[in-house]
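Enquirer: Below, each chain spelled out in residue letters.
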Amino acid sequence: MTTKSNKKNWPLWEIFIRSKNGLSHKHVGSLHAADAEMAIENARDVYTRRNEGVSIWVVESKYITASSPNQKESLFDPADDKVYRHPTFYNLPDEVKHI
Amino acid sequence: MDPKQKALLEHFQARIDAEEKIEPKDWMPDEYRKTLIRQISQHAHSEIVGMLPEGNWIGRAPSLRRKVALLAKVQDEAGHGLYLYGAAETLGADREDLIDELHQGKAKYSSIFNYPTLSWADIGAIGWLVDGAAIMNQVMLTRTSYGPYARAMVRICKEESFHQRQGYEILLALCRGTEAQKNMAQDALNRWWWPSLMMFGPSDKDSSHTEQSMKWKIKRKTNDELRQQFVDVTVPQADFLGITVPDPGLKWNEETGHYDFGEINWDEFWQVVKGNGPCNEQRMKARIKAHEEGAWVREAAMAYAEKRRKRKEREEAVRVA
Ligand SMILES: [Fe+2]
Ligand SMILES: [Fe+2]
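Protein chains in written order, with the numbering used here: chain A, 1 to 99; chain B, 1 to 321.
One should not assume that every hint holds.
What follows is a list of derived Cβ distance ranges for each label pair [said to hold, decoys possible]:
no., chain 1, residue 1, chain 2, residue 2, range
1, A, R18, B, G105, 41 to 47 Å
2, A, H27, B, T256, 24 to 30 Å
3, B, A150, A, T65, 36 to 42 Å
4, B, D30, A, Y84, 42 to 48 Å
5, A, A79, B, P3, 28 to 34 Å
6, A, Y84, B, T256, 57 to 63 Å
7, A, E37, B, E179, 41 to 47 Å
8, B, A173, A, D45, 27 to 33 Å
9, A, T65, B, R314, 27 to 33 Å
10, A, R18, B, T178, 29 to 35 Å
Calculated lysine-lysine pairs in the DSS-like style (CA-CA distance at most 25 Å, straight line) [what the hints assert, rightly or not]:
no., chain 1, residue 1, chain 2, residue 2
11, B, K158, A, K26
12, B, K34, A, K62
13, B, K205, B, K274
14, B, K21, A, K8
15, A, K8, B, K307
16, B, K67, A, K26
17, B, K310, A, K20
18, B, K205, B, K67
19, A, K8, B, K310
20, B, K307, A, K72
21, B, K21, A, K62
22, B, K312, A, K8
To be clear, the hints were calculated from the coordinates, so they are not data collected in a lab.
These numbers come from a predicted model, not from an experiment.
Here a beta-carbon is modelled for each residue, glycine too, at the ideal position from N, C-alpha and C.
The following block holds chain B by itself, in its conformation from the complex:
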């Protein structure tokens, strides 16, 4: 490495170590920029694709109260996607390119959204578990080293807490309802528990990016640390609902002060990542369809803006003359 590059790198790492935030125009290593664009755009895609499984239930929500809440939540997720695409753009990425990469299958999004929402209880389980797991990760990211990403996370975290509460409230109502309703809640937990644990990504020993990301303080906790934290706070919440976490290996460990839990089915994890989950194809089709069917709106808006701009110019010219 040439000495100038080495000095830049050392200075950069010193800033990170001193907990300084890195801002868009600051010098940064190419790999830092690339890692962030990849991570932030994946995160943005997850917010957008994540609207699909829940959007599926807006028209079938059991009451107006539930419907406005779900609608507001899904609208928030669209906003989260926008904040994040915005943060990626400060790094020189183009939003249109990022979206193209998603649609061409080159970019990833959270695998959790490749599972189907089969009953109303699933909407409860998503809010409680999926948003709950996302919050664990996002709270950590409010302290990430890249300024625009950290600031987007602060906004997102403020909005997320209602998402989780509305989900838990749905399950609470079901668990205090009829036997059939309680069974519905249990069934949702059975199907969403393990995929939620998978949201934290591969185990630390198999995670290729973790070490460098920790050094650059893009991530502040490892996948396994966050996963453990999630299990520890979530199990008592399941107990309160009176439903059972589907893991025979789950038990409180007095010594460590944490729950021990069973091994994740990593084969399933990698299958879904590779595109073979129950809904991968359906989700991408829906995204592409929405994007293509919206194309004329985007073009018309541009044409209209252009027409208005020209008219304004003409009027100004007349006024001057």
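Extracted from the complex, chain A is given alone in its bound form:
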């Protein structure tokens, strides 16, 4: 049996699928593949066996930088008190149409 020290594993890829024309790609999961071409082929077999996609993106997982859960407040809380970014903040009389 192979052991971890002497084996070279296929790297991990993150898979993004455009489910139909006009929509953006969405993360669906991950898989292992030797290279990008194989990752696309495998993604076809693993994630689109029932017409779930019209386009596939693959990115090697190690190239993804994610925000940390600890940054949640500092990143996202500043938007909490900015109600003026929403249309309902502005008071217009009902007579004004199409706005």
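Fit chain B with the ligands to the supplied structure of chain A, relying on the hints for placement.
Expert: Relative to the frame of chain A, chain B with the ligands by itself:
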């Protein structure tokens, strides 16, 4: 416990109680992580080993229609294994390690796959009962607290319903066929009924993990609750087929609104879990053989990818120069 750890734990439990999903980078107790890796990898192994008893009949399916359906089902199970290994990897597990643990007999998989598929009716019984029981469990797990596991389950559940329907259709055809065909269906039900009930695991009073798993909302229903639910929906389906569930203790209980059913042979259950089922050895041999015989493909693909990468680098260097 030191106060910082205690605060983290309390915060974690509060998130679980508020039905928040836990995501890979979130803080989680070591035991939660370990439990999930164990459960998800066991689940993944079950999908993969589960391909063996059915794969056994692909070449002998009675028609092209049955053959493409079975082939598609078995291919789905491979996909399920992959989604689940992927979910386990988000917790820091290494797929290769998980597979090694399976092959070394350190990791478990569902005991149901240690029973043999003796006739074509068994393929019907597996789709109907084994996938049926798996669906009960998996529908519950779409609401599990760990995000990647829950999302994998949503995909899996969408695919599973055809598995169960194709199995039931096989049995329906047999039950409407000749006397011999109907007997074949009955024989399959006789052999698969009890092992299917065992798929839900030990009785709640003997299940060591249930309480904590319920508290962390990894599981949302107990083994016995799921088992009862399975019996309740499956018995009328057997009645429709016109075959008899092999349990003299089975009867509708007006008061509880559920079926009462006989005691599971727990001795058999533990024997198969411990590796003494009819096919444990054969299944592991087949898995190890497939893995070892595929090793050169995995290595060749890596070597080829590496060669292509170097060639590309060289070409780019030439272009720049
Ligand atoms: Fe499955
Ligand atoms: Fe299935």
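Enquirer: Each hint: holds or not?
Expert: Each hint, compared with the structure:
As the Cβ distance of R18/A to G105/B is approximately 43 Å, the hint placing it in 41 to 47 Å holds. Look at H27/A against T256/B: about 45 Å separates their beta carbons, and that is not inside 24 to 30 Å. The beta-carbon spacing between A150/B and T65/A, approximately 24 Å, falls outside the hinted interval of 36 to 42 Å. A hinted range of 42 to 48 Å holds for the C-beta pair D30/B and Y84/A, which are about 45 Å apart.
Taking the beta carbon of each, A79/A and P3/B are about 32 Å apart, inside 28 to 34 Å as hinted. For Y84/A paired with T256/B, a C-beta distance near 59 Å keeps the hint of 57 to 63 Å intact. Here the CB-CB span from E37/A to E179/B is close to 55 Å, at odds with the stated 41 to 47 Å. Remark: the range hint 27 to 33 Å for A173/B to D45/A is upheld by a beta-carbon distance near 30 Å.
The given range of 27 to 33 Å is respected by T65/A and R314/B, whose C-beta atoms sit roughly 29 Å from each other. With their beta carbons about 50 Å apart, R18/A and T178/B fall outside the hinted range of 29 to 35 Å. For the given pair, K158/B sits about 18 Å from K26/A by alpha-carbon distance, which is consistent with the 25 Å threshold. A hinted pair counts as satisfied when its Cα atoms are at most 25 Å apart, and K34/B with K62/A qualifies at roughly 23 Å.
Restraint check for K205/B and K274/B: the C-alpha separation of about 20 Å stays at or below 25 Å, so the hint holds. Restraint check for K21/B and K8/A: not satisfied, since their Cα atoms lie roughly 34 Å apart, outside the 25 Å limit. Distance check on the hinted pair: K8/A and K307/B sit about 15 Å apart at the alpha-carbon level, within 25 Å; holds. For a cut-off of 25 Å, the pair hint linking K67/B to K26/A is broken: about 33 Å separates their Cα positions.
Note on K310/B and K20/A: the hinted pairing is violated, with a Cα-Cα distance of about 35 Å set against a maximum of 25 Å. As the CA atoms of K205/B and K67/B are separated by approximately 42 Å, the hinted pair breaks the 25 Å bound. Annotation: proposed proximity of K8/A to K310/B holds, straight-line Cα distance about 17 Å (limit 25 Å). A distance of roughly 42 Å separates the Cα atoms of K307/B and K72/A; the hinted pair therefore is violated under the 25 Å criterion.
Between K21/B and K62/A the alpha-carbon distance is near 24 Å, which keeps this suggested pair within the 25 Å criterion. Between K312/B and K8/A the CA atoms are separated by roughly 21 Å; this keeps the pair inside 25 Å, and the hint holds.
Checked against the numbered hints above, the structure violates hints 2, 3, 7, 10, 14, 16, 17, 18 and 20; every other hint is satisfied.
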